[in-house]
Amino acid sequence: MFPGVELGAAAGVNLAGRVVRSSAGTRASLGRRVDPGFSRRGHNLATTFNTLELPPSLLVGTRTIAELEDAIRGGADLVEFDCKNCSSDLRSLNDLVELAGLRAPRMGICVDVGDVRDFEASEFRPALPQGVRWARLGLAGCRGNPNWQADWQQIRSEINAASGRPLKWLAVAHADADFACSPKVGEIVHLAVESRCSGLFLETHRKSACSIADTMTPCELTQTIWMARELRLPVFVGGAIGLGDLDWICDLEPAVVAVRSSVCDSGAVDQSVSETRVNRFKLALEAAAGFDRARWDFLQQCRARQAASATRVPARSSH
1 MFPGVELGAA
11 AGVNLAGRVV
21 RSSAGTRASL
31 GRRVDPGFSR
41 RGHNLATTFN
51 TLELPPSLLV
61 GTRTIAELED
71 AIRGGADLVE
81 FDCKNCSSDL
91 RSLNDLVELA
101 GLRAPRMGIC
111 VDVGDVRDFE
121 ASEFRPALPQ
131 GVRWARLGLA
141 GCRGNPNWQA
151 DWQQIRSEIN
161 AASGRPLKWL
171 AVAHADADFA
181 CSPKVGEIVH
191 LAVESRCSGL
201 FLETHRKSAC
211 SIADTMTPCE
221 LTQTIWMARE
231 LRLPVFVGGA
241 IGLGDLDWIC
251 DLEPAVVAVR
261 SSVCDSGAVD
271 QSVSETRVNR
281 FKLALEAAAG
291 FDRARWDFLQ
301 QCRARQAASA
311 TRVPARSSH
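Per our numbering, the sequence shown runs over residues 1 to 319.
Hints may be right or wrong, so weigh each one.
Per label pair, the in silico range of CB-to-CB distance [as the list claims (entries may be wrong)]:
no.	residue 1	residue 2	range
1	Ala121	Gln301	54 to 64 Å
2	Arg295	Lys184	39 to 49 Å
3	Asp292	Gly164	39 to 49 Å
4	Gln301	Lys184	46 to 56 Å
5	Val193	Glu158	13 to 23 Å
6	Phe298	Thr276	24 to 34 Å
7	Ser195	Ala121	21 to 31 Å
8	Ala310	Ser157	25 to 35 Å
9	Phe179	Pro146	16 to 26 Å
10	Phe179	Arg305	51 to 61 Å
11	Arg143	Asp297	44 to 54 Å
12	Ser195	Thr64	25 to 35 Å
Think of the hints as simulated: they come from the structure by calculation, not from any bench. All values derive from a computational prediction rather than experimental measurement. We put the beta carbon where it would ideally sit given N, CA and C, even for glycine.
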């Protein structure tokens with residue numbers, strides 16, 4: 001599907017095409033721990049020689065202040081808001097971002113500004129508040145536009161200018177690209193690298209009719225994520241991911257798992273985000289990734305004690 005990318009046993013796919021969990025050796029060979037001090041899934045604590053594998057981070061899509069609070073209390077690492085080319089959405093966004101800044105999700109705030117076609121007939125460009133760290137601009141409906149690459153980069157530049165700073169942009173690739181009438185996933189991956197995006201957001205355009213597993217085979221998903229990883233592009237994965245999908249999703253080792261419907265009341269995307277459901281999903285994500293929360297907390301305490309000891313001023317000698 002993508003020239004120059006080969007799959008085999010090292011890529012975590014067996015002969016039946018099923019994703020299998022990669023070994024620690026395979027992860028190391030892919031440069032997952034290039035920096036011994038910090039990497040996405042490993043923190044080398046100064047107090048021990050052990051490295052603990054961390055699970056993917058959890059992104060929760062929110063729309064209201066109540067949902068934002070429930071998402072953060074439930075354990076979301078990253079929260080996302082919609083700002084679909086609308087000044088009223090932007091006013092609501094300012095209020096939400098101010099509150100999120102007080103609640104301080106670990107990885108920050110992401111904004112979905114819509115698709116390129118949403119900006120074609122309007123000169124409005126949202127000035128995203130300072131609290132926003134990530135932004136994503138989609139390409140649904142752009143497959144027939146011969147200038148989609150230039151338009152995509154131009155609108156990003158204009159939003160950066162309106163916001164007064166360069167944002168951390170995520171390139172959006174739809175697993176159901178034919179339905180979304182968007183460019184192919186491989187084209188977007190390569191454009192994301194060329195335009196120095198901060199990550200790839202792989203999702204489905206249809207939010208409730210099907211999941212990402214219904215639109216891409218395990219081999220296609222593995223190939224896409226491994227290609228992005230080889231190009232040093234963190235991958236955010238969304239698309240109606242449920243609790244039953246977490247084992248194979250964690251086998252793919254994305255940087256972030258993005259959800260909304262699975263953490264909403266009744267599991268419906270148009271219902272409200274539930275703190276209980278967010279917490280249950282977070283715990284299930286950690287379990288599927290084999291994360292030892294108790295050991296992590298212990299090592300964090302050890303590191304904190306060592307840091308406190310290092311800053312302690314030694315007593316002066318009486319001699």
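Hints, one by one, checked against the model:
no.: 1; hint: Ala121 to Gln301: 54 to 64 Å; verdict: 56 Å, holds
no.: 2; hint: Arg295 to Lys184: 39 to 49 Å; verdict: 42 Å, holds
no.: 3; hint: Asp292 to Gly164: 39 to 49 Å; verdict: 42 Å, holds
no.: 4; hint: Gln301 to Lys184: 46 to 56 Å; verdict: 48 Å, holds
no.: 5; hint: Val193 to Glu158: 13 to 23 Å; verdict: 22 Å, holds
no.: 6; hint: Phe298 to Thr276: 24 to 34 Å; verdict: 27 Å, holds
no.: 7; hint: Ser195 to Ala121: 21 to 31 Å; verdict: 24 Å, holds
no.: 8; hint: Ala310 to Ser157: 25 to 35 Å; verdict: 44 Å, violated
no.: 9; hint: Phe179 to Pro146: 16 to 26 Å; verdict: 21 Å, holds
no.: 10; hint: Phe179 to Arg305: 51 to 61 Å; verdict: 53 Å, holds
no.: 11; hint: Arg143 to Asp297: 44 to 54 Å; verdict: 48 Å, holds
no.: 12; hint: Ser195 to Thr64: 25 to 35 Å; verdict: 32 Å, holds
When the structure is compared with the earlier hints, a violation turns up for hint 8 alone.
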